[in-house]
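Enquirer: Throw the hints in and build the complete structure from the sequences for me.
Quick note on numbering: numbering that gives the first Met the number 0 labels position 35 of the sequence shown as 34, and the sequence is numbered without any gaps.
By construction, these hints were calculated from the structure, which means they are not laboratory data.
These numbers come from a predicted model, not from an experiment.
A virtual CB, placed ideally from N, CA and C, is assigned to each residue, including glycine.
Don't take every hint at face value.
As the list claims (entries may be wrong) - Restraint ranges, calculated between C-beta atoms of paired labels, are given here:
| # | residue 1 | residue 2 | range |
| --- | --- | --- | --- |
| 1 | 48 | 156 | 52 to 58 Å |
| 2 | 63 | 89 | 35 to 41 Å |
| 3 | 63 | 98 | 27 to 33 Å |
| 4 | 101 | 156 | 19 to 25 Å |
| 5 | 51 | 112 | 49 to 55 Å |
| 6 | 113 | 37 | 40 to 46 Å |
| 7 | 99 | 133 | 29 to 35 Å |
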Amino acid sequence: MRVMHKMTSGLRPSTTTYRERLSPSLWVLAAAAVSAPMVALVFVPLDATVALVAGVLVAAALIGGLVLSSPEIRVEAGELRVGRAHVPVVLLGEPETADAERARLLRGPGLSRSAWHLFRPGIDGVVRVPLEDAGDPVTEWVFSTRTPDRVAAAIRRAQRS
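Expert: Below, the structure is given as structure tokens:
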């Protein structure tokens with residue numbers, strides 16, 4: 000997770016005001032790493048070196064795949080992007096942040112049937128943003144983030160621009 004405030008070529012500011020990768024938790028990465036000895040055990044009858052290399056390659060591929068396939072949250076160029084979905088910030092209402100018990104409610108019984116959502120295990124923070132487009136059947140976006148306050152602030156900044 001990182002917040003982007005960098006300059007592009009020359010002195011023109013970048014249009015990205017917020018960026019966060021929803022990478023897997025350390026427990027998920029550790030579970031993927033445990034695949035190395037399991038794979039190695041399968042190949043030990045062939046050769047110990049082959050077993051070691053196969054185990055390391057499989058674990059590296061799993062960990063790399065998990066990290067690279069993680070969705071990103073971005074607020075850039077007047078749009079909110081969550082994973083592959085995107086919406087112009089002018090169509091969004093006031094963002095609401097939630098931690099702990101309120102986030103649990105928004106992820107479960109408090110989640111509207113007409114909400115678009117993206118939740119990641121191990122990430123407790125949630126942002127709920129109403130969608131103010133009468134022609135869209137989706138009424139709100141609800142998604143996981145490690146820094147709900149920063150996401151909400153970036154959306155508000157983009158709405159003012």
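Enquirer: Now tell me if each hint is right for this structure.
Expert: Against the structure, the hints:
1. 48 <-> 156: 52 to 58 Å: Taking Cβ atoms as reference, residue 48 and residue 156 lie about 55 Å apart, which means the hint holds.
2. 63 <-> 89: 35 to 41 Å: holds, 37 Å
3. 63 <-> 98: 27 to 33 Å: holds, 31 Å
4. 101 <-> 156: 19 to 25 Å: holds, 23 Å
5. 51 <-> 112: 49 to 55 Å: Once the Cβ atoms are compared, 50 Å apart, the range 49 to 55 Å for residue 112 and residue 51 holds.
6. 113 <-> 37: 40 to 46 Å: holds, 43 Å
7. 99 <-> 133: 29 to 35 Å: holds, 33 Å
This entry satisfies every hint, going by the numbered hints stated previously.
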